[in-house]
Structures are given as structure tokens and as C-alpha cells.
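Q: Take a look at the letters that make up each chain.
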Amino acid sequence: MAENVATSAASTAPLSGLPGVVADWSGDKNAFPVPWGKAMMWIFLLSDTFIFTCFLTSYMNVRISTTVPWPNVSDVFALEIGGKRIPLILIAIMTMVLITSSGTMAMAVNMGYRRHRANTTALMLITAGFGATFVGMQAFEWTKLIVHEGVRPWANPLGAAQFGSCFFMITGFHGLHVSAGVVYLCVVAKRVWSGFYDRKGSYETVEITGLYWHFVDLVWVFIFAFFYLW
Amino acid sequence: MAAAVGQEVVVGHEVAVGHESAAGHAAAAGHEKAEGQQHPIAIYLWIWILLFVFSTFSYLIDYFHLHGYLRWSLIITFMLLKAGFIVAIFMHMAWERLALKFAILIPPLCLLVLIGLMAIEGDYTLLTRLAWFLH
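Those sequence lines, one after another, are chains A and B. No gaps in the numbering here: position 103 of the first sequence is 103 in my numbering, and each next residue is one more. Quick note: to get my numbering, add 1000 to the position in the second sequence (first position is 1).
Calculated directly from the structure, the hints in this document are not laboratory data. Heads up, the beta-carbon is just placed ideally off N, CA and C, and yes, glycines get one too. Be careful, since some hints might not be right.
Stated by the list, open to error - Here are the simulated BS3-like cross-link-like pairs (lysine-lysine), alpha carbons at most 25 angstroms apart as the crow flies: (1) A:K190 with A:K38; (2) A:K200 with A:K190; (3) A:K38 with A:K200; (4) A:K144 with A:K84; (5) B:K1101 with A:K38; (6) B:K1101 with A:K29.
Said to hold, decoys possible - Residues on chain A that point at chain B, a partial pick, calculated with CB under 8 angstroms: (7) L46; (8) N61; (9) T67; (10) P87; (11) M107.
Claimed, not checked - Covered by chain B, according to a simulated footprint, are these stretches of chain A (three or more residues, beta-carbon under 8 angstroms): (12) 49 to 59; (13) 108 to 122; (14) 142 to 154; (15) 174 to 184.
All chains should be modelled from the sequences, with the hints used to inform the complete structure.
A: What follows is the structure in C-alpha cells.
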């Protein structure tokens, strides 16, 4: 295919129609000297950045414009531990869990490039475990808000009605990303363990999986700052 | 670094023994070209520790009820530091070529325009609501 395009471009007029589109876009030029999958993952993450920014921006917009006081987030996400009420502690623990998982993922990528098959598999599964823990804590948080505090997407007894819609939309979408990431990690970890990437001669898929996972952590950094600390 | 390379050879050899000869060949072929994005483990551990420290500070801002500009400048600073380290080190952006950095990092800047416009619009909506609904 590549040879065809090269020879036809050299000898005859440019191709037209759909083959022309393919020839132009693949015209033996390589803009980014990284594996194809990695470039595509970056493009996907770029689009995801826009989605999450739209959510956070609309949250900012409705929070600025509401005339009803916003619920006290620090108090809403407080937990009673040993008879003492500690503000925002659940979210702090969730943040630490996600950062820990990001660290183990970075180590997994490093071990992959060193071709430690067992270490890479183990670190990826540990990362998936932390991810699952995070989703579990989020499920606990949602249950607490829905069942005990009576928060709904359209109304809540704590303050501005927009609180519920923003909270469920933003953390729900992030939670879905984490859940999908756990599945993704397990699938790739299984392939690492089976020796698939040794046969392929490259562990770059582990790094691509890592990009996705670090992005999930990255989004949480912004959610933590803007939703929970505002 | 030399120790790491030596280790890699040993592991590659193990793989060749453990699987078909094709696997060993592929591993050897992959080994000849330098593997992308291999960095010392220490740098990851340092960033990891830093992320914990920044997160703890962010939490303490809320815990000690800091308010006003101090609260916001600290929150934004820690947020940007964490985001920067994750993208630069964990996602290896620091070691990518400039073409990829530009392609990925410049488009999100136009989101700042959206954020600015929506902040202005939010203020306007609030003022309108106060003027018309809360006499």
C-alpha cells in the first residue's frame, strides 16, 4: 500500500476520490515519531479534555448564576470517624487512592519497558485494584447522598438545586472513566501475562494504557480542586 | 543505567527460553532499537511523593478553613503543579518531541476563552435574576 502510493505519486497525477484522501493523509509523512496507538490515545485524551472542561465550565456557570446558596461541600462530604466529624475526609482518601494507583501504573510502564513480565502484570492488577477501590468508595458516597441526604439531580434539601445535577454528572462521568479503565487494565494485564507483548516485541501498549489511567487521575485533580474545594 | 541494560538482557533471554523461538527473536529485535520512554525509577518515586504532599496540602487548606485569595491561589497552585507533574513525568510529555507537545497542549488553551465567556455570562445571569426576581 505504502509502496503503491509512493510510486503513483512519483510517476502519475495525484489520485482522486477516496483513494486520493487516503493517499494524501498517509502520504509517507510521519508527523509524530511515536507509535500510532499512542498518538491516537493522545488525540482521544484531548477530546476527553474538552468534554470534562465543558462539564466543569457549565458547573462554574450555574454556580455563579444561582441566587440560592450552594451547599457546604466540605460538610456534605464529611464522615464521622471515632465520634469526630472530619470534613471532606472521604474525598481526601479517594484522592490518595487514585494517586497511589497512578504511581503503581507509572511503575508498571517502567517495568514493561524493562521486560519484567511478572512485575508488569502484578503492578497493573494492583492499579486496577486501587481503581476498583476508588469506584467502590464513590458508590458509597453516592449511596450516602441519595439515600441519607436526599440529593436528587433536580433538587436537594441542602441548598441550590444545581448541586445535584453537577455532582452526579461530573463524578458519574469520571467514575465511568475509572470503571472503564479498570476493565482496560485487566485486559492488557492478561495479555502481558500471556507473553503477547514479548511476542510482539514491544510493550508500548502498556504505556498507552498508562496514558489513559494517568488522564483519569489528572481529571480528578481538577474535580477535586473545583468541585470539592470551592 | 548500565546495570538496568544488563538486567534487561537477562530478562529478554528468559523470555526466549520460556516461549517459542519466535518470541525470543521478537524480544531480541525489540531490544536492538532503544525502547521508548525508559527512565530511572527514582524520578517516578519522587513525583509520586510530591503528588501526595501537594494533595495533603490541598486538603489542609480546606481543613484549616483558609478563605479568600489565599485559599484560591494555593488551591490553583497545587492543582497546576499536580497536573503539570502528571502530564510531564507520568505521561512522559516532557520527553516527547515539540510537534506532539504543541498538537496536544495548545488546543486546550482555547478552553480558557470558553471559561472566561461563561464566567462573564454567569455574572450577567446572576445580576439579571437579582434585578428581576428578588425585589
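Q: Compare the structure with each hint and give your call.
A: Checked hints:
no. : hint               : result
1   : A:K190 with A:K38  : holds, 20 angstroms
2   : A:K200 with A:K190 : holds, 15 angstroms
3   : A:K38 with A:K200  : holds, 16 angstroms
4   : A:K144 with A:K84  : holds, 18 angstroms
5   : B:K1101 with A:K38 : holds, 13 angstroms
6   : B:K1101 with A:K29 : holds, 18 angstroms
7   : L46                : holds, 6 angstroms
8   : N61                : holds, 4 angstroms
9   : T67                : holds, 5 angstroms
10  : P87                : holds, 6 angstroms
11  : M107               : holds, 6 angstroms
12  : 49 to 59           : holds (count 6)
13  : 108 to 122         : holds (count 7)
14  : 142 to 154         : violated (count 0)
15  : 174 to 184         : violated (count 0)
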